[in-house]
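S.K.: Using this note's numbering, read the sequence shown as starting at 4 and increasing by one per residue.
Read the hints as simulated data drawn from the structure, not as lab findings. Ideal placement from N, C-alpha and C gives every residue a C-beta, glycine not left out. There may be inaccurate statements among the hints.
Between beta-carbon pairs, the in silico distance windows are [unchecked claim]:
1. A50 / Y254: 33 to 43 Å
2. V119 / T155: 24 to 34 Å
3. Y254 / G51: 30 to 40 Å
4. G146 / L56: 17 to 27 Å
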Amino acid sequence: MHPTTQPAAPGPSPRAPRSRRNPRFLPGGFRVGDAVMVLAYGVLFVAGAASLLTLFPGFTDVFSTAETASAAVNFIVYAVLFCGAMIMAFPTLKHSFGTFKFSPWAKVFMIPGAWVANLVVTTIVIMSLGGGVKSENQLAIEGMTTTVPFTTMLVMAVVMGPFVEEYIFRHLLIGKLSRKLNVWVCVVISIILFAGMHFLGSGSFELIAAVPYLSLGAVISVAYVLSGRSLAYSYLIHLLNNLIALTVAYYLLPLVPQI
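Work out the full structure: start from the sequences and follow the hints.
M.R.: Shown next, in the form of structure tokens:
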């Protein structure tokens, strides 16, 4: 008898090569909660309803200066909007950290790289226009640095503020609106509204003063799109920008007259 020959066991099926393409972290369509958040943001900041807090009896008496009272109003408003934005977008924020699975080192280094790019562009444009002019928003922040503790401003201007603005100007105006309009049209809309928002209530607008906000909005918006609509990525860039600006305002600007 001839020995029976067993068929060779099939080898492992070949694995499909892992995609190197950055995924898109699509935020989905608009929801009722998004409309509520936009309305709240518009009423509190655009319409200036946040300032009504100062009309409550005894509110301003708690604070030693007008800057401190203004910071308290902004802190309360940003805290409310931050909680609302987190409720609406936390799953997207968490999921969009997945952008770092693709070219992680390049993504990490591009966060400070985006800040440097924004600084270079802003400096070149401002110098070509003949010099810098500070916006009312920037002057207000610098005024707060003399009376408001650094940790308070850190929470408000570095943690809460950037996330609220990224939720409105990137997550909604680019991520969700791009389901209806071309994404680069949405980018332009986002940049213009983002810059304009920082001049609300000032009663004046100067192009030179708007350059830093236009440049920052452009850098963050492009990074948001190229990272696959990653809310986490745009938030980290915005957070770093504000952290550096705040640190300079608190610890370096006071030394300038002494140099």
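S.K.: Using the C-beta atoms of Y254 and G51, is the stated range 30 to 40 Å upheld?
M.R.: Taking Cβ atoms as reference, Y254 and G51 lie about 32 Å apart, which means the hint holds.
S.K.: For the hint 33 to 43 Å, verify it against the beta carbon of A50 and that of Y254.
M.R.: At roughly 35 Å between Cβ atoms, Y254 and A50 fall inside 33 to 43 Å, so the hint holds.
S.K.: Look at the Cβ atoms of G146 and L56 and judge whether their distance stays inside 17 to 27 Å.
M.R.: Distance hint for G146, L56 holds at roughly 18 Å.
S.K.: Given the range 24 to 34 Å, decide if the beta-carbon distance of V119 to T155 lies inside it.
M.R.: holds, 28 Å
When each numbered hint is compared with the structure, no violation occurs for any of them.
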